[in-house]
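Just so we're aligned: the sequence shown equals residues -20 to -1, 1 to 196 in mature numbering (1 follows the signal peptide of the UniProt record, and there is no 0).
No lab work stands behind these hints, which were simulated from the structure alone. Some clues are possibly wrong.
[Said to hold, decoys possible] In silico DSSO-like cross-links for lysine-lysine, where the CA-CA straight-line distance does not exceed 30 angstroms: (1) K158 - K140; (2) K90 - K115; (3) K115 - K89; (4) K90 - K158; (5) K115 - K83; (6) K90 - K140; (7) K83 - K43; (8) K158 - K83; (9) K89 - K140; (10) K111 - K89; (11) K43 - K140; (12) K115 - K140; (13) K111 - K43; (14) K111 - K158; (15) K89 - K158; (16) K140 - K83; (17) K158 - K115; (18) K140 - K111; (19) K158 - K43; (20) K90 - K111; (21) K83 - K111.
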Amino acid sequence: MKKNYFAAAAIAALTLTSCGGLGTMGDTNTGSTTGNILGSIIGAATNGETISNILTSVIGLDKLSSRNLLGTWRYNGPGCAFTSENALAKAGGEVAATEVEQKLAAQYKKIGFNSQNTYLTFNQDGTFSAKIDGKPWNGQYTFDERTQSINFSGFLLNLKGYVKREANGISVLFESRKVLSLLQTISAMSGNSTLSSIGDISKNYDGVRIGFDMRP
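Using the sequences and the hints, build the whole thing.
Structure below.
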């Protein structure tokens, strides 16, 4: 009961303020507009679980600290979120986020991602080590707590993405073309038709970021 109350309170607070965090990414709406957007998204929300899902569908609403990232995170499924409340509303709300994840799940299954061959370790010294479909990727990372953006600098490629808090872990998310770059480079799958399908999934949704849902 308390969880539902606090989720509802968080939504209410957001409707009274301008979009923060990633709201600077091309979203210049006023606080009033943001309130209207969120109001339209949650209009059909009838329980605390639905409201909580809305909160986790937008990057930066429930922020992580650098310390929260430390440790090893293993693949749990596809990840999806939007860069702002406005982007989420335009795409169709929580239903759109769920739809993208379901489509990704089918493609990820074809590739063969699982918790044993796909994982990511963040170290306190700013280094990371990972395996993507069993292929190693190591380097350094920097994390911006304000925007929740993360930069990976590895031997094979550099990527900028975002981290989002989940109920039982985190999601590591990128623009779809960067996910393609990661998979093509790390897994040497440039000719795989499944990758093209992944790129097509997100092209109809402005402001969507896709990637990996991960658990400790």
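Outcome of the hint check:
1. K158 - K140: holds (8 angstroms)
2. K90 - K115: holds (16 angstroms)
3. K115 - K89: holds (17 angstroms)
4. K90 - K158: Answer holds: K90 to K158 is near 19 angstroms, not above 30 angstroms.
5. K115 - K83: Answer holds: K115 to K83 is near 24 angstroms, not above 30 angstroms.
6. K90 - K140: holds (25 angstroms)
7. K83 - K43: Holds, at roughly 26 angstroms.
8. K158 - K83: Given pair K158, K83 holds - Cα atoms ~18 angstroms apart, limit 30 angstroms.
9. K89 - K140: holds (24 angstroms)
10. K111 - K89: Answer holds: K111 to K89 is near 16 angstroms, not above 30 angstroms.
11. K43 - K140: holds (17 angstroms)
12. K115 - K140: holds (19 angstroms)
13. K111 - K43: Cα-Cα ~25 angstroms, so holds.
14. K111 - K158: holds (17 angstroms)
15. K89 - K158: Answer holds: K89 to K158 is near 19 angstroms, not above 30 angstroms.
16. K140 - K83: holds (23 angstroms)
17. K158 - K115: Holds: K158 and K115 sit about 17 angstroms apart, inside 30 angstroms.
18. K140 - K111: Holds, at roughly 17 angstroms.
19. K158 - K43: holds (23 angstroms)
20. K90 - K111: holds (17 angstroms)
21. K83 - K111: Roughly 23 angstroms between the alpha carbons, so the hint for K83 and K111 holds.
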